[in-house]
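Quick one: dock chain against chain with the hints and give me the complex.
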Amino acid sequence: MTTPAITANGLRKSYGDKVVLDGIDLTVREGTVFALLGPNGAGKTTAVKILSTLISAGPGSGEIRVGGHDLAADPQAARAAIGVTGQFSAVDGLITGEENMLLMADLHHLSKGEGRRVTAELLERFDLVEAAKKPASTYSGGMKRRLDIAMTLVGDPRIIFLDEPTTGLDPRSRHNMWQIIRELVTGGVTVFLTTQYLEEADELADRIAVLNNGRIAAEGTAEELKRLIPGGHVRLRFSDPHAYRTAASALGDVAQDDEALALQIPNDGSQRELRSILDRLDAAGIEADELTVHTPDLDDVFFALTATTVPAQTTQPKENAR
Amino acid sequence: MSSLSLAVRDSSTMLRRNLLHARRYPSLTLNLLLTPVMLLLLFVYIFGDTMSAGIGGGDRSAYIAYIVPGILLMTIGSTVVGTAVSVSTDMNEGIIARFRTMAIHRGSVLFGHVAGSVLQAVISVVLVGAVGVAMGFRSTDATPLEWIAALGLLALVSLAFTWIAVGMGMGSPNAEAASNNAMPLILLPLISSAFTPVDSMPGWFQPIAEYQPFTPAIETLRGLLLGTEIGNNGWLTIGWCLALAVLGYRWSKAQFDRDPK
Numbered sequence: 001m002t003t004p005a006i007t008a009n010g011l012r013k014s015y016g017d018k019v020v021l022d023g024i025d026l027t028v029r030e031g032t033v034f035a036l037l038g039p040n041g042a043g044k045t046t047a048v049k050i051l052s053t054l055i056s057a058g059p060g061s062g063e064i065r066v067g068g069h070d071l072a073a074d075p076q077a078a079r080a081a082i083g084v085t086g087q088f089s090a091v092d093g094l095i096t097g098e099e100n101m102l103l104m105a106d107l108h109h110l111s112k113g114e115g116r117r118v119t120a121e122l123l124e125r126f127d128l129v130e131a132a133k134k135p136a137s138t139y140s141g142g143m144k145r146r147l148d149i150a151m152t153l154v155g156d157p158r159i160i161f162l163d164e165p166t167t168g169l170d171p172r173s174r175h176n177m178w179q180i181i182r183e184l185v186t187g188g189v190t191v192f193l194t195t196q197y198l199e200e201a202d203e204l205a206d207r208i209a210v211l212n213n214g215r216i217a218a219e220g221t222a223e224e225l226k227r228l229i230p231g232g233h234v235r236l237r238f239s240d241p242h243a244y245r246t247a248a249s250a251l252g253d254v255a256q257d258d259e260a261l262a263l264q265i266p267n268d269g270s271q272r273e274l275r276s277i278l279d280r281l282d283a284a285g286i287e288a289d290e291l292t293v294h295t296p297d298l299d300d301v302f303f304a305l306t307a308t309t310v311p312a313q314t315t316q317p318k319e320n321a322r
Numbered sequence: 001m002s003s004l005s006l007a008v009r010d011s012s013t014m015l016r017r018n019l020l021h022a023r024r025y026p027s028l029t030l031n032l033l034l035t036p037v038m039l040l041l042l043f044v045y046i047f048g049d050t051m052s053a054g055i056g057g058g059d060r061s062a063y064i065a066y067i068v069p070g071i072l073l074m075t076i077g078s079t080v081v082g083t084a085v086s087v088s089t090d091m092n093e094g095i096i097a098r099f100r101t102m103a104i105h106r107g108s109v110l111f112g113h114v115a116g117s118v119l120q121a122v123i124s125v126v127l128v129g130a131v132g133v134a135m136g137f138r139s140t141d142a143t144p145l146e147w148i149a150a151l152g153l154l155a156l157v158s159l160a161f162t163w164i165a166v167g168m169g170m171g172s173p174n175a176e177a178a179s180n181n182a183m184p185l186i187l188l189p190l191i192s193s194a195f196t197p198v199d200s201m202p203g204w205f206q207p208i209a210e211y212q213p214f215t216p217a218i219e220t221l222r223g224l225l226l227g228t229e230i231g232n233n234g235w236l237t238i239g240w241c242l243a244l245a246v247l248g249y250r251w252s253k254a255q256f257d258r259d260p261k
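Going down the list, the sequences are from chains A and D. Mind the numbering: the first sequence is residues 1 to 322 in this note's numbering, read in order. Mind the numbering: the second sequence is residues 1 to 261 in this note's numbering, read in order.
Treat the hints as calculated values from the structure; they're not laboratory data. Accuracy of the hints is not assured; some may be wrong.
As the list claims (entries may be wrong) - Pair by pair, the computed Cβ-Cβ distance ranges are:
id	chain 1	residue 1	chain 2	residue 2	range
1	D	K261	A	S111	33 to 39 Å
2	A	E130	D	L187	34 to 40 Å
3	D	S3	A	R116	23 to 29 Å
4	D	K261	A	R116	33 to 39 Å
5	A	A73	D	L41	56 to 62 Å
6	A	S56	D	L127	21 to 27 Å
7	A	V19	D	L187	42 to 48 Å
8	D	S3	A	T167	33 to 39 Å
9	D	L19	A	G113	18 to 24 Å
10	D	G136	A	G113	49 to 55 Å
11	A	E130	D	T140	57 to 63 Å
12	A	K133	D	S12	20 to 26 Å
13	A	E199	D	R24	53 to 59 Å
To be verified - Simulated coverage check for chain D against chain A, where a stretch passes if three residues somewhere in it have a Cβ under 8 Å from a Cβ of chain A:
id	region
14	4–15
15	18–25
16	99–113
This structure is a prediction, so every number in the text was calculated from the model and none was measured. Think of the CB as a built atom: it goes at the ideal place given N, C-alpha and C, for glycine as much as any other residue.
With the rest of the complex left out, here is chain D (with noise of 0.2 Å):
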């Protein structure tokens, strides 16, 4: 066998092993799936109507349209704190000590990791999103073509992540730490653009808000379901996925490679 088919056959078997381990035992994903659907209802009814004057007026319904892309990306931040947590559970587990011993593709046991992650998060974004809609959210110009560009933005971010929170939970002693370690991966949306404008945060602090990786994202998918101005956002967001995936890539099987204790 090939090594690229050894590759593809071995990691669709761990992505089966992972689904079942996730289907078997919904209760982390559903869990995480908490937090975005409670800021989006938190954020929409409670604060809404002074959140949505600070986005220059407009009603309640205009807040949904601006914060369910930035809810949306949120999601998947959440999401990939989960992954962070069973890859540390499962590292730990007696059978990847076996996986190591048999002549199996290598990088395999992370591969399928990273895309059973990767397809929870774009289901998890699926269901938040539906919530979304269910409050009024509305795409108002997107075309066909920009729906697949934004799936496909949703998928590469979650791709990224993924990649960061695998490393994450490789480097985490227990599952614990591992939830501890991947806190900012939640965090980091809420200085984003996601909420509030940019512009209308101290100046000192637009900088980080504006250049980290949630910003340029929630704006591309902004720019792509509401038709604002997109701008250099979409190259950024591309860059920014690119580079913490090979980051995340490499951090992951560095450790992987490593001698288990």
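Just chain A, same shape as in the assembly (with noise of 0.2 Å):
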């Protein structure tokens, strides 16, 4: 077995009053994608800044490593095998793209050859040639993101942080940003991510940790986190209030909502259960307007694993129509 690329045992840290991480533990395999999962404020920069050795973790934090270096013992061998790409660009504004990227190399002692060389193949694998020569503070989101993402893989680094990588992004970019992430794995690269996306976390991640009031509520796979909670449902919605009430006693089983007329029976999904619903339904010559097939997905984990702190959203569960 290699040594895991991240390990933190206890991870703490206050500011103040107020507990940010209450000792969490985190273990990343070599060359997987993690990610950190968990609503704004739920510590998830705070872990990120702490083993990227931006900040120090708080007293009482047991051991951390990084790429097999103790953070606290040796934190600039850990700097040498990581790239972080935080939540607000650290790009410099002043000086163009080309010039932020330059810089990189300079800072990795790069020559000057070497330095060009680099810049030039992860400027254009980013698709900012054009805009290579303006000032980055001109540059939109998308592209600050993707500067960002190249400056800090000028150094080549063996394990990357990205925290919320995506957030702000529209669709197009984050899944340029998703393709991005996937093929830096390809390539062997370690991935530490944070994202509030369940989205994000169910496509990229090997395992997610949801982080919820600075502890870990639950960690896994995707699948693993999906089997936490009670399995999906069918529902059924009708605009006529007496097809609805035919439907809901031939079926048995169901939860009523009178306001919307609509019924959810259990259901594992399977095509078997689907039909027997749809046979009985037939059966008793109802027609419904509409039929979803609900199976669990990171949404239904997330808002029961931080129910307790974001009460308002758990009325909200997402419907896949299928």
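As structure tokens, then:
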């Protein structure tokens, strides 16, 4: 077994009386994507700041190793192994994109030729060639984010921290960013990602930890997390109150929503169970106006796990029309 | 790479970055040059006759000779206000957080600012000095060695005040606050021997004017360029500069080593 890329034991941090991280344990295997998922204010950014050596861990924290190096004893060695793209763009707005890249090359002590080569290559890869000679402050949000990641990659880091890499990006830029992250992992890089988008964690991450109120509420693969909460259901919606009532009595054990004229039937999403519902509706001669099959997704897990702090959101489960 | 060559290499990279900023956005530096130039013009051409009477007679050219060394040091005070502003602005930039997570020499961010600022201060002094020369300032009997010493003195004073300004910039939450906090560096020369001799000031105030850092530096520069008595002012200046540089360095470093917000 190889050494994990990141391990942290009992990570703590408080500001004054406010406890931000209340003893979290993390292990990230090499070459995988680890997503730290949580609502705003859960402590995601603080965790990234500590793991990336930007701020020190709070008193009482256990050992933290990044790239095999103890952060307390040898932060410089850990820094040499990592790249960080924070939530707020870490580019120098006063100079051009190309100058930003060359600055990184100089700070990684690449030779002049090597620096130019890497810069040209990354600008090309991140579609920034045209904007290369313009000041970075004039870039759009998506361009800044791309430049930010490109700068992070100059030193060829083995471990990359991405703090909410797609927050504020439009859908196309978001998918581009996902593609970039997948390519990084293909190249053997370990990615530590924070996000408040469940879809993103589901898409990218090998393992997901749900952070809530400074604690890890659950950890596992997306599948494991989905198994944590009760199964799915079928939802039938009617416009005719009579059909609604007939269906309710024909189907028996269902949850009724009289306001919306909707029925909710427990269902595992299998073809056989679905057919049995349809058969019973056919037998009673009723047709529903809308049928949706709901399988548990990370949203459900997320809301179930973080319910105590965000009650308002639990009433809005996401439906997946099939 | 040894830690010294790492420090030199990273600091010079940071210096290049800061010079690039200064070249791209010269307005801050140029604005700060206006204050000493305006004061020079004002005191020579508007108040010149009265002022020259105040330094014991002589004509206007005698007052030009008197005031230029003071104005040159005031230029330094004025330039480093720009340093405080740009350091404060820079520290709020995301790029500084990136630097902190990179395996670069820890102090290079600050060294780059200091080196860039000292260079700018020296260039500013040369520019303001050129205005002085155009107005009729002439060094009477300075040997080449004294010229070198004068330049060294200006560089040393720049270094000392730059470190203080970096500390002020780091301690300020934004550019406005930095500009306000660094204001004493512009005001201090006004209560030195820059414009009028210290012994013409009220008795209770004389010790303050005499021993504050600018007066000994101004008197030393006068001595070097105009052949007046330097006395112990040279040593006082070196003492002040070393003390301020060390204080500013430690203050800045302590603030940089603290966890960012």
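Check: Taking each numbered hint in turn, which are not upheld by the structure, reported in ascending numerical order?
Finding: 2, 6, 13
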